[in-house]
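Participant: The lines below spell out each chain.
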Amino acid sequence: MKKKKWLPYLFVAPYLLHFLVFVAFPVLFSLVLTFHKWNIISPMEFTGLDNYTRMFRDKMFWKTIGNTIQFLLVHIPLQLIVALALAEFLNQNIKLKGFYRAAFFLPVIVSGVVVTILWQQLFGFDSGLFNRLLTNMGMDKVGWLIDPDIAMNSIAIMATWKNVGLYVILFLVGLQTVPPHYYEAADIEGATHWQKFRHITLPMINPTIFMVVILSTIGGFSLFIEPYVMTGGGPLNSTLSSVLYIYKQAFQYYHMGYSATLGFFFAFLILTVVMLQKRFIETEEVD
Amino acid sequence: MHLKAFFFLAIILFGSCSSKENGNKELLYWSSNNAAEIDFTSDKVAQWNADTSHIKMSFQPIPEGQSSEEVILAAVVGRTTPDIYANMWQGSVELFAKAGKLIALDTLEGFKEFILERCGQKTLVEITSNDGHIYQVPWKINPIITLYNKAMVSKLDLDGMPTTYSKYLAAGAKASQDQDNNGYIDQWIGYTEVKVIWYQRFFNFYPLYLAASHGGALVKNNKAAFNNEYAIEVFRFLQELYKNNYFSKEQSAGGQDRLFMEGDILTQWTGPWSISHLDKFKPAGFEYDFFPMQVPDNHEGPIYTYADPKNIVLFNTCTQPQEAWNFVKTLITKEGDKQFLEISGQLPRRQNIDKDAFFQDYFVKNPKAITFAKQANFVKGTDNCEVIVEVFDIISQEYEACVIYNKKTPEAAIADAAAAVNLLLGN
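Respectively, the protein sequence lines represent chains A and B. Each residue of the first sequence is one higher than the one before, starting from 1 at the first, in the working numbering. Each residue of the second sequence is one higher than the one before, starting from 1001 at the first, in the working numbering.
Hints may be right or wrong, so weigh each one.
[To be verified] Not everything, but these chain B residues come out facing chain A in the computed CB check (under 10 Å):
1. E1070
2. L1095
3. F1096
4. Q1200
5. V1389
6. D1393
7. A1401
[Claimed, not checked] Label-pair restraints from in silico Cβ distances:
8. B:D1186 / A:L106: 48 to 58 Å
9. B:Q1060 / A:Q252: 19 to 29 Å
10. A:L20 / B:P1061: 29 to 39 Å
11. A:R279 / B:N1221: 50 to 60 Å
12. B:K1056 / A:V108: 46 to 56 Å
13. A:V142 / B:K1407: 14 to 24 Å
14. B:D1186 / A:I117: 17 to 27 Å
15. A:L215 / B:N1221: 45 to 55 Å
16. A:N93 / B:P1063: 50 to 60 Å
17. B:G1160 / A:I117: 38 to 48 Å
18. A:V142 / B:D1159: 30 to 40 Å
None of these hints come from the bench; they were simulated from the model. Predicted model, so just to flag it, every value in this text is computed and none were measured. In this text, a Cβ means the ideal position worked out from N, Cα and C, and glycines have one as well.
Go ahead and model the full structure; you've got the sequences and the hints to work with.
Facilitator: Pasting the structure below:
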């Protein structure tokens, strides 16, 4: 019996080691880094709270926060509406349901870089497919990625297309857990389709809605590949996301201390937003 | 019992860690990872090892990474740097030198005299760091000049080649066409990358600035040195190109090479690598040639350009720097330079290579390369500044606002860029 006391620790040890080396240590080291100036190859220099005061004065960083929020304000509602609509569609008795499910999910598993390059071509001003379709219909071309006012919205549309399949599956699962007798009772009462959707479906799938919003929010805050590949943060920094900015500070300018500071603040911001969403979106489970 | 097991495991773990073998008898050289340079290096290393018994050379191509700069940075951090590295971007040298990671080559016997003879005084001054030492061996350059489609440019019926701003703009007016009559321009005089990434300025703003300013500095004595008429006129010239739709604002999928070969653009700012690319992929009957970067109408004297230089460095982990330098010398003798030129098509940074009889047979066989060889006498790399990447990034931000989106005047954009650079440099 005495011999086996170490056995549980042995089983936990590999993951614990991994956690300590690849999660705990980097996080703690990054926290220490926020009080230093370091360019990786020279010794670290203690700077106290300089990085934090710099962050609050850094107009570009706050612009990236605004850009990211703009992205979220378009991406999250679009994601919710499209995913729920497609899930409702799949929840009907339709032919080729399996094919549609696979088709909607396919973009999720395709590499983000590949998808981004593909959409870069679609969005091309002079020779992109979208503008060719518009001009063929007698409409003006749209500067999808070259107009600072709409570039981020274009990226939000692309990101929605890329990720909606995952949320369709989540919503589909949620819809299929709604007890059918609620709808039967509503039919007897003469409820319309919209009334059933509003008063039965939405409340019953609220936990799923909450999960989709949280996942979309966290995913949206991590916006990096699309602006990095498509626009480089332009035009006029309108698509420069916070994560891309943090990346540039670290790996383009080697401001490791400052980028660690931005990273910590950004993580705190995400946590705050998610807590607020939990407060205002999540409702008590309906029996 | 448990403690013994722990120590046993620890010994196995740490004992299995490999350590860099950098004893006294072998040096490690990292070359670039393109096939031509690997062949060249392989030959040179074999030759050295055959001729030298007391110290051996081994080499490998630089490990794969998103960029060679990132790989080198990782190697420096991990203390796994080679003894010698070829393909160091000139702009990175100051950062590594200031951190004490590079060997001061001017302290090695015969270094300065050799470089002076090979490259000339101007280059020697250019590569001298702010602390007065030299940390890099000028190796190769790829001057940026104007490539043009002979047939399409001659059809424009221009008054001379578009070598000045006004001539180029006039050519732009004639070249811009809506070929499919859909109301949108689909043929332009040229194209340059619109993404606001700092290194893209090496292919538009910076060579034009060097051309206009006779090789002027961006940063000098730790201050912004580009708030002048040259930078303003370059911005104005580029702004006019976009304002009048002589250049497209779209990000091209296949890059400007594809646009050039398909005839969507008539000119391109590029380096000598285009020769082999075009000769391999151009359509039948497609003829091209080169001329220098555009300059202001009142320009006099030589036309400079960006050299896109890559240099050789010795890391401070090298225990035999003098021997390492002796090996490097074999790469950049006349014979070494010629061999490199023939294998890779890249120009060694050797002064008067266009006039040197030793290299003439190469240029006879490769006539397109002579334009680059002549240009090689009037090239410049980047200024020695630890934060040169940020300087170019600041310029890129103003470039985008002024040149591409016409949100600022060139005067305001350059002034704002200079102010931001001075703030960055602590002025």
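Participant: Taking the hints in turn, state whether each one holds.
Facilitator: Verification of the supplied hints:
no., hint, result
1, E1070, "holds (7 Å)"
2, L1095, "holds (7 Å)"
3, F1096, "holds (7 Å)"
4, Q1200, "holds (9 Å)"
5, V1389, "holds (6 Å)"
6, D1393, "holds (7 Å)"
7, A1401, "holds (6 Å)"
8, B:D1186 / A:L106: 48 to 58 Å, "violated (33 Å)"
9, B:Q1060 / A:Q252: 19 to 29 Å, "holds (27 Å)"
10, A:L20 / B:P1061: 29 to 39 Å, "holds (35 Å)"
11, A:R279 / B:N1221: 50 to 60 Å, "holds (56 Å)"
12, B:K1056 / A:V108: 46 to 56 Å, "holds (53 Å)"
13, A:V142 / B:K1407: 14 to 24 Å, "holds (20 Å)"
14, B:D1186 / A:I117: 17 to 27 Å, "holds (22 Å)"
15, A:L215 / B:N1221: 45 to 55 Å, "holds (53 Å)"
16, A:N93 / B:P1063: 50 to 60 Å, "holds (56 Å)"
17, B:G1160 / A:I117: 38 to 48 Å, "holds (40 Å)"
18, A:V142 / B:D1159: 30 to 40 Å, "holds (38 Å)"
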